[in-house]
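The whole structure should be built from the sequences, with the hints applied where relevant.
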Amino acid sequence: MHSFGYRANALLTLAITILAFMCGIASLSDNFNSPAPTAQVQVLNINWFQKKPDGDDEISLTLNISADLQSLFTWNTKQVFVFLAAEYETPKNALNQISLWDGIIPSKEHAKFLIHTTNKYRFVDQGSNLRGKDFNLTLHWHVMPKTGKMSANKLVMTGYRLPETYR
Amino acid sequence: MDWQGQKLVEQLMQILLVSFAVVAFITGYVLGSFQIMLLVYAGGVVFTALVTIPNWPVYNRHPLSWLDPSEAEKHPKPQITNPSTKKRAAKK
Chain R
-6 MHSFGYRANA
4 LLTLAITILA
14 FMCGIASLSD
24 NFNSPAPTAQ
34 VQVLNINWFQ
44 KKPDGDDEIS
54 LTLNISADLQ
64 SLFTWNTKQV
74 FVFLAAEYET
84 PKNALNQISL
94 WDGIIPSKEH
104 AKFLIHTTNK
114 YRFVDQGSNL
124 RGKDFNLTLH
134 WHVMPKTGKM
144 SANKLVMTGY
154 RLPETYR
Chain A
1496 MDWQGQKLVE
1506 QLMQILLVSF
1516 AVVAFITGYV
1526 LGSFQIMLLV
1536 YAGGVVFTAL
1546 VTIPNWPVYN
1556 RHPLSWLDPS
1566 EAEKHPKPQI
1576 TNPSTKKRAA
1586 KK
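Taken in order, these protein sequences are the chains called R and A. Heads up: the first sequence begins at -6 in the numbering used here, then just goes up one per residue. Heads up: the second sequence begins at 1496 in the numbering used here, then just goes up one per residue.
Since the hints were made in silico from the structure, they are not lab data. Just so you know, not all the hints are guaranteed correct.
Cross-link-like lysine to any residue pairs, in silico, SDA-like; alpha carbons within 20 Å at most [claimed, not checked]:
{"no.": "1", "chain 1": "R", "residue 1": "71", "chain 2": "A", "residue 2": "1530"}
{"no.": "2", "chain 1": "R", "residue 1": "139", "chain 2": "A", "residue 2": "1502"}
{"no.": "3", "chain 1": "R", "residue 1": "105", "chain 2": "A", "residue 2": "1527"}
{"no.": "4", "chain 1": "R", "residue 1": "101", "chain 2": "A", "residue 2": "1517"}
{"no.": "5", "chain 1": "R", "residue 1": "147", "chain 2": "R", "residue 2": "95"}
{"no.": "6", "chain 1": "R", "residue 1": "126", "chain 2": "R", "residue 2": "71"}
{"no.": "7", "chain 1": "R", "residue 1": "71", "chain 2": "A", "residue 2": "1534"}
{"no.": "8", "chain 1": "R", "residue 1": "147", "chain 2": "R", "residue 2": "108"}
{"no.": "9", "chain 1": "A", "residue 1": "1502", "chain 2": "R", "residue 2": "48"}
{"no.": "10", "chain 1": "R", "residue 1": "44", "chain 2": "R", "residue 2": "128"}
{"no.": "11", "chain 1": "R", "residue 1": "139", "chain 2": "A", "residue 2": "1555"}
{"no.": "12", "chain 1": "A", "residue 1": "1502", "chain 2": "R", "residue 2": "-3"}
{"no.": "13", "chain 1": "A", "residue 1": "1502", "chain 2": "R", "residue 2": "3"}
{"no.": "14", "chain 1": "R", "residue 1": "71", "chain 2": "A", "residue 2": "1522"}
{"no.": "15", "chain 1": "R", "residue 1": "101", "chain 2": "A", "residue 2": "1502"}
{"no.": "16", "chain 1": "R", "residue 1": "139", "chain 2": "A", "residue 2": "1537"}
{"no.": "17", "chain 1": "R", "residue 1": "139", "chain 2": "A", "residue 2": "1533"}
{"no.": "18", "chain 1": "R", "residue 1": "101", "chain 2": "A", "residue 2": "1524"}
{"no.": "19", "chain 1": "R", "residue 1": "139", "chain 2": "A", "residue 2": "1526"}
{"no.": "20", "chain 1": "R", "residue 1": "105", "chain 2": "R", "residue 2": "138"}
{"no.": "21", "chain 1": "R", "residue 1": "85", "chain 2": "R", "residue 2": "50"}
{"no.": "22", "chain 1": "R", "residue 1": "139", "chain 2": "A", "residue 2": "1534"}
{"no.": "23", "chain 1": "R", "residue 1": "147", "chain 2": "R", "residue 2": "85"}
{"no.": "24", "chain 1": "R", "residue 1": "139", "chain 2": "A", "residue 2": "1517"}
{"no.": "25", "chain 1": "R", "residue 1": "126", "chain 2": "R", "residue 2": "84"}
And the structure:
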């Protein structure tokens, strides 16, 4: 501590070590938050439903997505990535997962939303299994904190059924 | 900076940084803003740097009192006499 340089070095080293500790505690403080997000999705319309020339089923839906994800946000949350997936079982695959819509929520103010949309990504089956198929719509979210570990969770909504015939 | 000053400056640095960290964390947590925590802490680090890095006069209040040169001459260091030179002196 006898010279300017040594004091500057000691100060910066200690300051950054303490900053690392603060970030660690900030990350731990997220454990006190117990999120309880809610979501509802309505299938308003089947726009069209057809078999593509290559034999795979494709469907176009109009969706009404309303969700309240505000409880996911803490002071240590940078953003939340959210996507809605159609999930169903076919003889070939135990789980088919098709992303229909996604979004990035940058702040708590934007975390309560109602979106009226057609599916953003194509709903194409791997085969021809969609007629009369029961499926789940699952809202997945990934929480990206400012410091610490990313976390992911989902909300499964059941009881959706595709029509029996092409239209 | 004298010895006492160095001790003081090290303690001051540690106490100031830790207390600013605690204050910054609590402020940030209560206001729910990570940015405020970082700004408060950055301010604290700059303040601590200004307090501890320059050689302020406060840190020079206990100068070492060196022995006066004339005093040193009155009490000369004991001469190191090695055996070889002694022998040579004896022969002469």
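For which of the previously enumerated hints does the structure constitute a violation, in increasing order of number? Hint check: 2, 4, 6, 9, 11, 15 and 23 fail, others pass.
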